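Protein chains: 2
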Amino acid sequence: MKNIKLTIEYDGTNYFGWQVQPEVSSVQGEIKKAIKILTNEDIDLTGAGRTDRKVHARGQVANFMTNSSIPAEKFSYAINKYLPQDISIVKSEEVDINFHSRYDAIGKEYRYLIYNTHIRSSLLRNYTYHVPYNLDFKKMDIAKDFFLGTHDFSAFMSTGSSIENTVRTIYAVSLCQKNNIICFEVQGNGFLYNMVRIMVGTLIDVGSGKIRPESIPIILESKDRKKAGHTAKPQGLYLEKVYY
Amino acid sequence: MKNIKLTIEYDGTNYFGWQVQPEVSSVQGEIKKAIKILTNEDIDLTGAGRTDRKVHARGQVANFMTNSSIPAEKFSYAINKYLPQDISIVKSEEVDINFHSRYDAIGKEYRYLIYNTHIRSSLLRNYTYHVPYNLDFKKMDIAKDFFLGTHDFSAFMSTGSSIENTVRTIYAVSLCQKNNIICFEVQGNGFLYNMVRIMVGTLIDVGSGKIRPESIPIILESKDRKKAGHTAKPQGLYLEKVYY
Numbered sequence: 000m001k002n003i004k005l006t007i008e009y010d011g012t013n014y015f016g017w018q019v020q021p022e023v024s025s026v027q028g029e030i031k032k033a034i035k036i037l038t039n040e041d042i043d044l045t046g047a048g049r050t051d052r053k054v055h056a057r058g059q060v061a062n063f064m065t066n067s068s069i070p071a072e073k074f075s076y077a078i079n080k081y082l083p084q085d086i087s088i089v090k091s092e093e094v095d096i097n098f099h100s101r102y103d104a105i106g107k108e109y110r111y112l113i114y115n116t117h118i119r120s121s122l123l124r125n126y127t128y129h130v131p132y133n134l135d136f137k138k139m140d141i142a143k144d145f146f147l148g149t150h151d152f153s154a155f156m157s158t159g160s161s162i163e164n165t166v167r168t169i170y171a172v173s174l175c176q177k178n179n180i181i182c183f184e185v186q187g188n189g190f191l192y193n194m195v196r197i198m199v200g201t202l203i204d205v206g207s208g209k210i211r212p213e214s215i216p217i218i219l220e221s222k223d224r225k226k227a228g229h230t231a232k233p234q235g236l237y238l239e240k241v242y243y
Numbered sequence: 000m001k002n003i004k005l006t007i008e009y010d011g012t013n014y015f016g017w018q019v020q021p022e023v024s025s026v027q028g029e030i031k032k033a034i035k036i037l038t039n040e041d042i043d044l045t046g047a048g049r050t051d052r053k054v055h056a057r058g059q060v061a062n063f064m065t066n067s068s069i070p071a072e073k074f075s076y077a078i079n080k081y082l083p084q085d086i087s088i089v090k091s092e093e094v095d096i097n098f099h100s101r102y103d104a105i106g107k108e109y110r111y112l113i114y115n116t117h118i119r120s121s122l123l124r125n126y127t128y129h130v131p132y133n134l135d136f137k138k139m140d141i142a143k144d145f146f147l148g149t150h151d152f153s154a155f156m157s158t159g160s161s162i163e164n165t166v167r168t169i170y171a172v173s174l175c176q177k178n179n180i181i182c183f184e185v186q187g188n189g190f191l192y193n194m195v196r197i198m199v200g201t202l203i204d205v206g207s208g209k210i211r212p213e214s215i216p217i218i219l220e221s222k223d224r225k226k227a228g229h230t231a232k233p234q235g236l237y238l239e240k241v242y243y
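Chains as they are written, first to last, in numbering that gives the first Met the number 0: chain A, 0 to 243; chain B, 0 to 243.
Chain A on its own, in the form it takes in the complex (with noise of 0.2 Å):
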């Protein structure tokens, strides 16, 4: 018995998000059907985290046991024949047995992609979230900085969600701009549903001047979801890289 790690790369466009889920595509069901041809084995695949409909990863990690003799670091070559295009395993490797690409994630990585101009784009449509009036980059610069640190993120969290913790770490954060795409990444420790988008879509509200950067800590210790932004359209955010 192998413990394999994949990495994998997704277009989130066509699926309902990583997980399975009934009467519905998603990139865990395709992974774990090309599986089933490759090896004859109905496996476990652990993901390191859900992602939601449309939203895309580079990096996500899922594991998943097997008693195949195909080399470790073949898998994804052999995999990839049966995946759709819009999936790729772009790496696989043997991993620790007790290895769980959930439980031991100690942090991840996303990056937003936001296309600022009046007209839409026909070519990043699906890869960018569309934002067609002005916003000042500088307030936006500004009010990134008061995600860093310890905080406790339930004002930045959707509605719905029975998570106990919601007291979140933020490591780094960067915000850049090139032509007319507003980046932002972040690392974090972990991320509550919706997280992500929610701090992306309070940043825009703070580039058109609903909300005043140096009211994020305010909103922060609101604990409030009503006082934070919008929350972000689903086609900018990628799941860039899991840290063990």
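For the record, the hints were derived by calculation from the structure and aren't laboratory data.
No experiment lies behind these values; they were computed from the predicted model shown.
Backbone N, C-alpha and C define an ideal beta-carbon position, used for all residues, glycine too.
There could be a bad hint or two in this list.
Derived Cβ-Cβ restraints for the label pairs, each shown as a range [what the hints assert, rightly or not]: (1) A:71 <-> B:132: 42 to 50 Å; (2) A:179 <-> B:173: 16 to 24 Å; (3) A:149 <-> B:147: 56 to 64 Å.
The calculated lysine-lysine pairs, modelled on BS3-like cross-linking and capped at a C-alpha distance of 30 Å, are [claimed, not checked]: (4) B:137 <-> B:90; (5) B:90 <-> A:137; (6) A:232 <-> B:90.
Model the placement of chain B on the given structure of chain A, informed by the hints.
Frame of chain A, contents of chain B only:
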């Protein structure tokens, strides 16, 4: 009667190219339909040039005559409302009544993106040409400069084209490399059928060692399509700009 010039961006993935053809969807056809809904006119939409199936554009140009009272610069927003999300008019402007987007073009710029790594990319599958073997960038960079200047490009034209004058002038070429992407950019006074894709395919064959950089002048002189490299796939090609 006004003459309206449109600058158009499109994701060519789901179209059989620019040009209207019976029973398949085309970019030209979609824009004509949108204008018909908007102005109730059956306009002639003249494009600067055709693009093939799956080829993209960031700066295609087309023009049409209209009696509509919509202000010229508002046409972009108005047409976009009736277009599919994978086509967008990025600019509309009134031009001289004699302006003709094809005859008046004095040059074009194309970009081509190669994704050069062992494993295919799910996110870039429709927007780059995946070359899984190692390419020698330095050799390709030397080879590209032989395209500069005025040459008979018959060897770089797909057979079946009935064009008489096959002499074209290339003003500028560049090649850059960032992460796993190799980007080729070329400006010229005109391009033969599949010329950019055969130039790129030839550069790739130089990178893989099949063709020597110094052979490019000999291939040009031969005027023989069979001497040049393969035709690179359409999904890596972008019509960037049309010059007037």
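Quick rundown of the hints versus the structure:
1. A:71 <-> B:132: 42 to 50 Å: violated (23 Å)
2. A:179 <-> B:173: 16 to 24 Å: holds (22 Å)
3. A:149 <-> B:147: 56 to 64 Å: Holds, at about 58 Å.
4. B:137 <-> B:90: Since the Cα atoms of residue 137 of chain B and residue 90 of chain B sit roughly 38 Å apart, the hinted pair is violated (cutoff 30 Å).
5. B:90 <-> A:137: OK: residue 90 of chain B and residue 137 of chain A at ~28 Å, within 30 Å.
6. A:232 <-> B:90: holds (25 Å)
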